[in-house]
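Kindly produce the complete structure, drawing on both the sequences and the hints.
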Amino acid sequence: MVNTILTIALAIIILSIAITIFRFVIGWTTIDRVIAFDIMTISSIAMIGIIAYLSNRIIYLDIALVYGLLSFLAVIIIAKYLEKSL
Amino acid sequence: MKNIFITFLILMVVWILLNNSVQINILIPGLITAFIVSLLVCRQCEIFTDYKLTPKAFAYTIIFLFVFFIELIKSNLDVIKRVLSPSLPINPGIVEVKTTLKSKFARMMLANTITLTPGTLTVEVKDESFFIHWIDVQTDDIEKAGNEIVKKFEKYLEVIYG
Amino acid sequence: MELVGAIFTLIGALVLLVASIGLIRMPDVYNRLQVGTKASTLGTIFSLFGLVLVNPGWAGKLILLIFFVMMTNPVSSHVLARAAYFIKIPLTRRTVVDKLKVSDSALKVKAD
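Protein sequence lines correspond, in order, to chains A, B and C. Mind the numbering: the first sequence is residues 420 to 505 in the working numbering, read in order. Mind the numbering: the second sequence is residues 469 to 630 in the working numbering, read in order. Mind the numbering: the third sequence is residues 622 to 733 in the working numbering, read in order.
Derived by calculation from the structure, the hints in this document are not laboratory data. Source: prediction; values computed, not measured. Hints should not be assumed to be uniformly reliable.
[Claimed, not checked] Computed list of lysine-lysine pairs in BS3-like fashion (alpha-carbon distance at most 27 Å, straight line):
| no. | chain 1 | residue 1 | chain 2 | residue 2 |
| --- | --- | --- | --- | --- |
| 1 | B | K470 | B | K623 |
| 2 | B | K572 | B | K620 |
| 3 | B | K594 | A | K499 |
| 4 | A | K499 | C | K709 |
| 5 | B | K572 | B | K524 |
| 6 | B | K594 | A | K503 |
| 7 | A | K499 | B | K572 |
| 8 | C | K709 | A | K503 |
| 9 | B | K594 | C | K709 |
| 10 | B | K524 | B | K570 |
| 11 | A | K499 | B | K566 |
| 12 | C | K709 | B | K566 |
| 13 | B | K542 | B | K566 |
| 14 | B | K572 | B | K619 |
| 15 | B | K549 | B | K619 |
| 16 | A | K503 | B | K620 |
Printed below as a string of structure tokens:
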């Protein structure tokens, strides 16, 4: 039962990432693409958490943590670069 | 001194949460590493200087987190309502509010809190003016917008950071 | 308890779905940021909190992740909004007021 509900949640998150990729492709400005990337990453953290539970491996949570850290740094650096203050 | 101590405490809590155990052979390396890192990183940082280590400040921190979480859920219901309604009821604009908080860390916390609460997003912080993108502008007056947006958090942060 | 956690995770996933729909529907960068930040933060917090209820043995790392998301997400959205304003991405036509334009000394500082 629990696994079924979690699988449905996983499917919904993958659907939302797909919609976000749509924005990533059409986005009119660079900032739009960066926002889409940011939200994709945040959704992926939730997704990795659920996959970690379903496959019963706690080590995946470390991957989620490092992934989030790297994407945070990437967003900050891209924003700095666009402001021309890097 | 206080900065080093608080940094050390934060690093220690992170270490314990990461390892998920309090056995002695895991705690000792964490203690040493956290001590060295907090000494190296925090020799002249001053972000926690204004934080008061009193029971009252601690209690207010808990209350602040609680109020913040309720506002976060309220803001999400608001956002969901706006996104899913067919006519897209938005009325956006950038307004200016003033804060009375002095310490830098308190201002940072205030800016972060504003970003996560209903319909508001901090665009720029300049001295004591916050420029806030508001998804549903009700007033463009500095005083009134301030009462609407920042007052409810300011009173807690005032006590916590002085 | 496990069932409650699973339902929490499902709610979180639905909130993430709303975030991505909002990303498509909203008219300009700033409104997209509003929706994106708030909904994705709460969606992730709910999903991970649901997993804490499902499997309390992992509580440490999951709570660390929740705190991490809560701290970093507003910062990155604030930085993006600032960058969007300073490279002069226009606001939508439905905007009613723009106080930052009036005091454009901020722009002058950036131009140096």
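Evaluation of the provided hints:
1. Between K470/B and K623/B the CA atoms are separated by roughly 24 Å; this keeps the pair inside 27 Å, and the hint holds.
2. The hinted pair formed by K572/B and K620/B meets the criterion: a straight-line CA distance of about 19 Å does not exceed 27 Å.
3. This hinted pair checks out: K594/B and K499/A have alpha carbons roughly 17 Å apart, not beyond 27 Å.
4. The suggested pairing of K499/A with K709/C holds, with an alpha-carbon distance near 15 Å, which does not exceed 27 Å.
5. Taking the CA atoms of K572/B and K524/B, the gap is near 21 Å; set against the 27 Å cutoff, the hint holds.
6. Taking the CA atoms of K594/B and K503/A, the gap is near 19 Å; set against the 27 Å cutoff, the hint holds.
7. Restraint check for K499/A and K572/B: satisfied, since their Cα atoms lie roughly 21 Å apart, inside the 27 Å limit.
8. In summary, the hint linking K709/C to K503/A is supported, as the alpha carbons are separated by about 13 Å, within the 27 Å threshold.
9. Taken as a hint, the K594/B and K709/C pair is honoured in the structure, with Cα atoms around 18 Å apart against an allowance of 27 Å.
10. This hinted pair checks out: K524/B and K570/B have alpha carbons roughly 19 Å apart, not beyond 27 Å.
11. Annotation: proposed proximity of K499/A to K566/B holds, straight-line Cα distance about 26 Å (limit 27 Å).
12. In summary, the hint linking K709/C to K566/B is supported, as the alpha carbons are separated by about 24 Å, within the 27 Å threshold.
13. For the proposed pair K542/B and K566/B, the alpha carbon gap of about 24 Å is at most 27 Å, so the pair holds.
14. Between the alpha carbons of K572/B and K619/B the distance comes to roughly 17 Å, so the proposed pair stays at or under 27 Å and holds.
15. For the given pair, K549/B sits about 25 Å from K619/B by alpha-carbon distance, which is consistent with the 27 Å threshold.
16. Using a Cα cut-off of 27 Å, the hinted pair K503/A and K620/B is violated, with the two alpha carbons roughly 36 Å apart.
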